[in-house]
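S.K.: So you can see what is in the structure, the chains are spelled out below.
2 protein chains.
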Amino acid sequence: MMTATTSRQASAGVTEQVDPADDPRAFRRALGQFATGVTVVSTSDGDAHVAMAVNSFAAVSLDPPLVSWSIRNESRNRDAFVRNAHFAVSVLAEDQVETSGLFGRPHDGQFDRVAWTAGVHGDRLLDQAIAHFECTLEASHDGGDHLILIGRVTRCTRLEGTPLLFSQGQYGIAQAHPQVALTSASPSAAPAAGDGNHPLFMSLLKATEQHMSRLFDEYRERLEISAFGTRIINLLDEAPARDGELAERALLGDAAVEDTLNEFKAKGWVVESPAHIFELTDSGRILRRELLRGAEEFTAAQLKGIDPRDLEATRRVLIKLLTA
Amino acid sequence: MMTATTSRQASAGVTEQVDPADDPRAFRRALGQFATGVTVVSTSDGDAHVAMAVNSFAAVSLDPPLVSWSIRNESRNRDAFVRNAHFAVSVLAEDQVETSGLFGRPHDGQFDRVAWTAGVHGDRLLDQAIAHFECTLEASHDGGDHLILIGRVTRCTRLEGTPLLFSQGQYGIAQAHPQVALTSASPSAAPAAGDGNHPLFMSLLKATEQHMSRLFDEYRERLEISAFGTRIINLLDEAPARDGELAERALLGDAAVEDTLNEFKAKGWVVESPAHIFELTDSGRILRRELLRGAEEFTAAQLKGIDPRDLEATRRVLIKLLTA
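Respectively, the protein sequence lines represent chains Y and A.
For the first sequence, the residue numbers in the numbering used here are 1 to 324.
For the second sequence, the residue numbers in the numbering used here are 1 to 324.
This is chain Y alone, in the form it adopts within the complex (with noise of 0.2 Å):
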């Protein structure tokens, strides 16, 4: 029986741990450890139409159907939200992460760059989501800094597509857990040596991707630096760059580019210029080449003893599944 006096194995893991009222960035960060999918939400009166990105969404009730969310009290679309009364949630695909930052933030004209439906209360819904719902607004309740909307759903649409996730700071897309057969469709989740039975073969092709992809995880973890940090690393030795620009690029979270920009910065890595450009410093630069090295030497030990011959078949194999 495992008890409270196990707790240590925990400890060992915690990264930050803070009173939120003193640190609402370490709040930020832990709360970004819940992952989420992400919605458009719109309204309209006439053709005064508004629409953000959303990932506070959450599911309520069914019977009365309600939903949630909420908006920022500073947000300048937050009045019309309650003057309205009715909003339209698009549920993104997994391919819409351009349109999550097209509406991330104030653009003009971005109903003129997606395709969209205007739904039953005149409010736009995005044609390539996955889910729409299509509310009225059932009540509002003080949430701090922002409103709580609570929506009563009068039509929702389920769509074809898989969504797209914000999960620790940056975008991704949900695959099935391990756990579950590799292949729904195959007899076996084990890969078994080359039988002639195809499935495996693509059982294989994930488990090893996921294994792979795991231990060099847990070899990150052991460097002082996240894989989110290394991308930022890597994007700014392409090119000096606004936070802003780095976020869409690196298809990170605005506060996550933010939170690590100000931590390269104090670290001596990355400096920022009067007009709000980031570069790496020479430190930043020798990092990237450690990291690039570090990479390469991880993938040698792992290819090590493999007969050069079988490796050059592979990438031959693998090419041509990709490419065909």
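No wet-lab data here; the hints were simulated from the structure.
Since we're looking at a predicted model, the values are computed, not measured.
Keep in mind that the hints are not guaranteed to be accurate.
It does not matter which identical chain is meant; a pair holds if it fits inside one copy or across any two.
Straight-line C-alpha distance at most 20 Å; calculated DMTMM-like pairs for lysine to aspartate or glutamate [unchecked claim]: (1) Lys320 with Glu297; (2) Lys320 with Glu296; (3) Lys267 with Asp145; (4) Lys320 with Asp310; (5) Lys265 with Asp282; (6) Lys320 with Asp95; (7) Lys267 with Glu16; (8) Lys267 with Asp243; (9) Lys304 with Asp112; (10) Lys320 with Asp79; (11) Lys265 with Asp237; (12) Lys265 with Glu290; (13) Lys267 with Asp47; (14) Lys267 with Glu221.
Based on these hints, arrange chain A on the given structure of chain Y.
M.R.: Structure of chain A alone, referenced to chain Y:
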């Protein structure tokens, strides 16, 4: 410029569209398109502890620090959460599927089977989680058949690890978006031919696996049955089972399994015994063989034209990497 006139594209992808007041199950399926993490929320009154798995968690406010979730009015735990007026949220890690199941239904001695620590309010926090939020109850709001609970976070903790996901009725894990550089430490996501640059091998492996998975998903979308349904068929082929067991073995949500079994009963693929045990009918078993053959044909088509010796070498390399 795309406008509302392009909405025909979307209509093609509509799977179902309903008034959710008329069809709560279709509403639930549409809600399932929004991916979430999984949390365990607990409260305590002296030695009395209750806890449950929840995926309606949402961030609300940074200043003051607020979070929300909702509980069914019919839940036997509802009154305890209101009366105690404090609770703790643990965000589950990707290896905590069993923990999610353990807290997903009433079980005696739930806390005997996991490592936990008592938090500042006495509420139990799961040691292996990736974030903890310790809260006092700030407000509660009517949410139809649920009660919405708003917590003020007095302490938050971020721990190492990546999140467990619940998406489209099944457990999953997040992977970086395919548009992201494939291994962040590699100089380029573009898989080049064998040039001795080792990180590229991992990029190539990942890109190929993602490409094959996507092709297989597209192939499966053209069939009458989902990956989801296929998994249920496969499990029932192994052994007849109750719906709750199936949900646990398949790592699927209860609601999704119930919906799928009802659909399969209507199609004549599955029968339910008076003891509520489900098993495949003869036509269910025929379907299972057809699905298996389809997967074999799909893979054979992908592998066509590849030198059999290269394919054998690839199997050797993948197995070696997997089992090293």
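S.K.: Would you mind marking each hint as holding or not holding in the structure?
M.R.: Checked hints:
1. Lys320 with Glu297: between (26 Å within a copy, 18 Å between copies)
2. Lys320 with Glu296: Between copies only: 19 Å across, 24 Å inside.
3. Lys267 with Asp145: neither (32 Å within a copy, 51 Å between copies)
4. Lys320 with Asp310: both (15 Å within a copy, 11 Å between copies)
5. Lys265 with Asp282: Answer is within: at 12 Å inside a copy they meet the 20 Å cutoff, but 67 Å across does not.
6. Lys320 with Asp95: neither (24 Å within a copy, 34 Å between copies)
7. Lys267 with Glu16: within (18 Å within a copy, 52 Å between copies)
8. Lys267 with Asp243: within (17 Å within a copy, 54 Å between copies)
9. Lys304 with Asp112: neither (53 Å within a copy, 43 Å between copies)
10. Lys320 with Asp79: Neither: 55 Å inside a copy, 60 Å across copies.
11. Lys265 with Asp237: Intra 15 Å, inter 58 Å, cutoff 20 Å: intra-copy only.
12. Lys265 with Glu290: Result: close within a single copy only, 18 Å intra versus 59 Å inter.
13. Lys267 with Asp47: Neither way: Lys267 and Asp47 sit 50 Å apart in one copy and 47 Å across, limit 20 Å.
14. Lys267 with Glu221: Within one copy, since 18 Å is at most 20 Å while 49 Å is not.
When held up to the earlier numbered hints, the structure conflicts with 3, 6, 9, 10 and 13 and fits the remainder.
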